[in-house]
Amino acid sequence: MSRPAHRRPEYHKINKDLFVLTYGALVAQLCKDYEKDEDVNKYLDNMGYGIGTRLVEDFLARSCVRRCHSYSEITDIIAQVAFKMYLGITPSVICNNSSRNEFSLILDKNPLVEFVEELPAGRSSLCYCNLLCGIIRGALEMVHLAADVTFLQDRLKGDSVTEIGITFLKKQDEKKHRRKK
Amino acid sequence: MADEALFLLLHNEMVSGVYKSTEQGEVENGRCITKLENMGFRVGQGLIERFTKDTARFKDELDIMKFICKDFWTTVFKKQIDNLRTNHQYLAFTCGLIRGGLSNLGIKSIVTAEVSSMPACKFQVMIQKL
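Protein chains in written order, with my numbering: chain G, 1 to 181; chain L, 1 to 130.
For reference, chain G alone in the conformation it holds in the complex (with noise of 0.2 Å):
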């Protein structure tokens, strides 16, 4: 019995701006709802964890990674490939430590603040791409690796470069396959 010819099913598009007007939107309303900075930074990250988990599936699915083996390599993937299908962009990777699991992600262009010039006033602790520490975070859970994300340094609270740090938390089983991510 033949096998069907292998297609490339047509993943739908959509317009950019509606991605990130509907972000922008979400955490206006979000600022409307609670007083502390705090408060809209955890929200973001505990929604960013359930579209991460849900999102690494589809990640998987269409983008044919092969399996990894170490930390540096899945931080290269999660810039190089998950950013660059989802947001456009990809953003460079730096090792932190010797131990090799802390990375940062150094972001050059962030769409997401496309349309924002500066946050709001009385609101400088707020993390407004806090969105994506979430995702990372729920999307690495997903494939067995835990891990603290954060903003270390965001150019919308004055600093010269965008940077989310990852640091896993567990060791990595030498003799065991990693899951791919």
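Accuracy of the hints is not assured; some may be wrong.
Unchecked claim - Derived coverage of chain L by chain G (criterion: at least 3 residues anywhere in the stretch with Cβ under 8 Å from a Cβ of chain G; other residues may be distant):
{"hint": "1", "region": "32-43"}
{"hint": "2", "region": "66-77"}
{"hint": "3", "region": "100-114"}
Said to hold, decoys possible - Pairwise CB distance ranges, derived in the manner of DEER restraints:
{"hint": "4", "chain 1": "G", "residue 1": "C64", "chain 2": "L", "residue 2": "R31", "range": "40 to 46 Å"}
{"hint": "5", "chain 1": "L", "residue 1": "T112", "chain 2": "G", "residue 2": "Y34", "range": "41 to 47 Å"}
{"hint": "6", "chain 1": "L", "residue 1": "I110", "chain 2": "G", "residue 2": "S63", "range": "39 to 45 Å"}
{"hint": "7", "chain 1": "G", "residue 1": "E73", "chain 2": "L", "residue 2": "T112", "range": "46 to 52 Å"}
{"hint": "8", "chain 1": "L", "residue 1": "K70", "chain 2": "G", "residue 2": "S98", "range": "57 to 63 Å"}
{"hint": "9", "chain 1": "L", "residue 1": "R31", "chain 2": "G", "residue 2": "D39", "range": "17 to 23 Å"}
{"hint": "10", "chain 1": "L", "residue 1": "K70", "chain 2": "G", "residue 2": "E114", "range": "50 to 56 Å"}
{"hint": "11", "chain 1": "G", "residue 1": "K170", "chain 2": "L", "residue 2": "K70", "range": "49 to 55 Å"}
{"hint": "12", "chain 1": "L", "residue 1": "T34", "chain 2": "G", "residue 2": "D39", "range": "29 to 35 Å"}
{"hint": "13", "chain 1": "G", "residue 1": "S63", "chain 2": "L", "residue 2": "S16", "range": "22 to 28 Å"}
{"hint": "14", "chain 1": "L", "residue 1": "N12", "chain 2": "G", "residue 2": "S124", "range": "28 to 34 Å"}
Hints were generated in silico from the structure; no laboratory data involved. From the three backbone atoms N, C-alpha and C, an ideal C-beta is built for every residue, glycine too.
Guided by the hints, dock chain L onto chain G, whose structure is given.
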């Protein structure tokens, strides 16, 4: 262009987030739907501004409606909408989107949605004459 998966998941989370964080009373009197609709409204306003920057003036209301139904819709969603859930909560954002788009084109309206025969969804636009 962005990926549909990201928007759909964000929309899902927004809907469940709005419902999770509200009181029972608010769910009953439709506060949640309003919140979602208002977010859609804001986004619709922003989108229509960007899309019509270089467009010629619209002749009349019918012209505007045609634009919304064809150009606006397909530019935003890149295809016919065919996979929105039927719950009102999932349609609220989209109703707001349409209302926001019309608003910035000078039309005040009320937009509601109804699903009578799947997968078709009917959006009803009631234009309010001032």
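Hints and how they fare:
Requiring three or more residues with a Cβ within less than 8 Å of a Cβ of chain G, the coverage given for the region 32-43 of chain L holds, as 6 such residues are present. Against chain G, the region 66-77 of chain L contributes 3 residues with a C-beta closer than 8 Å to a partner C-beta. That satisfies the three-residue criterion, and the hint holds. Counting residues of the region 100-114 of chain L whose beta-carbon sits less than 8 Å from any beta-carbon of chain G gives 0, not enough to reach three: the coverage restraint is violated. Range check, C64/G to R31/L: Cβ separation about 44 Å, and the 40 to 46 Å hint holds.
For T112/L and Y34/G, the hinted distance range of 41 to 47 Å is not satisfied, since their beta carbons lie about 30 Å from each other. I110/L and S63/G have their C-beta atoms about 43 Å apart, which keeps the hinted 39 to 45 Å range intact. The supplied range of 46 to 52 Å is met by E73/G and T112/L, whose beta-carbon atoms lie about 50 Å from each other. Checked against the hint of 57 to 63 Å, the C-beta distance between K70/L and S98/G comes to roughly 58 Å, which is consistent with it.
Between R31/L and D39/G the beta carbons are some 19 Å apart, a value that agrees with the proposed interval 17 to 23 Å. For K70/L paired with E114/G, a C-beta distance near 26 Å fails the hint of 50 to 56 Å. Look at K170/G against K70/L: about 52 Å separates their beta carbons, and that is inside 49 to 55 Å. Checked against the hint of 29 to 35 Å, the C-beta distance between T34/L and D39/G comes to roughly 22 Å, which is inconsistent with it.
For the pair S63/G and S16/L, the beta carbons lie near 26 Å from each other, so the given range of 22 to 28 Å is met. Checked against the given bound of 28 to 34 Å, the beta carbons of N12/L and S124/G, roughly 31 Å apart, stay inside it.
Checked against the numbered hints given earlier, this structure breaks hints 3, 5, 10, 12; the rest are met.
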